[in-house]
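Enquirer: The whole structure should be built from the sequences, with the hints applied where relevant.
In the order they appear, the protein sequences are chains X and F.
All you need for this note's numbering is the position in the first sequence, starting with 1, plus 1328.
All you need for this note's numbering is the position in the second sequence, starting with 1, plus 93.
It is worth saying that the hints were derived from the structure and are not from the lab.
Ideal placement from N, C-alpha and C gives every residue a C-beta, glycine not left out.
In silico lysine-lysine, DSSO-like type, Cα no more than 27 Å apart, as pairs: (1) Lys-1377/X - Lys-131/F; (2) Lys-131/F - Lys-1438/X; (3) Lys-131/F - Lys-1428/X; (4) Lys-1438/X - Lys-1377/X; (5) Lys-137/F - Lys-1397/X; (6) Lys-1399/X - Lys-137/F; (7) Lys-1438/X - Lys-137/F; (8) Lys-1377/X - Lys-137/F; (9) Lys-137/F - Lys-1428/X; (10) Lys-137/F - Lys-110/F; (11) Lys-145/F - Lys-1428/X; (12) Lys-1438/X - Lys-1406/X; (13) Lys-1377/X - Lys-1399/X; (14) Lys-1389/X - Lys-1406/X.
Chain F regions said to be covered by chain X (calculated; three or more residues, Cβ under 8 Å): (15) 138–149; (16) 195–203.
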Amino acid sequence: AQSVSQHNHHVILSEAASLELGCNYSYGGTVNLFWYVQYPGQHLQLLLKYFSGDPLVKGIKGFEAEFIKSKFSFNLRKPSVQWSDTAEYFCAVNSPGTYKYIFGTGTRLKVLA
Amino acid sequence: DAMVIQNPRYQVTQFGKPVTLSCSQTLNHNVMYWYQQKSSQAPKLLFHYYDKDFNNEADTPDNFQSRRPNTSFCFLDIRSPGLGDAAMYLCATSRAETSGIYFGPGTRLTVT
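Expert: Right, dumping it as structure tokens:
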């Protein structure tokens, strides 16, 4: 069965610091990969996705993620965080041909002004 | 705006008293999902529909049932809620396996 691991449960950064959140998945076949964000009091929103092509994908609000197949990883990055990036971030995976999306446990990011 | 709507946003029920949560969508997506999310945990897939085809997760308790009478609506029925069923219930939709899924705001269920 597929699983998704996010090892950083809580991250605290100062504004302008660089961000990298880890995501690893267990499935050995082809996968589609996603990052979702949940701002305080809001619902989960898609941040970016990868399903083929360039392994470095860019999403909204300056976020990007890199798919490294050999490491089963899809880490999320942002060069310079803002206070407004304070949120919970979830990595998710599904397999082509299925509609099941499996989520990681999330990383709570707090950005200090 | 096209969206996923969940009603009610907050639901309080008594231990053992059946409860139904509702979800509707204006996105016209084929796939609809119910996830359960407890504090500090990953959203856990309970079941999903591809059109009218129902797909139950193996570890979803029998206490949880779902209905999808048409493309736009989907319901989650909890037949005999226990204290452990208190959680946020998220409805979501999807158009294609590469499109990602679109979440509603959730219904927070409290069991007293």
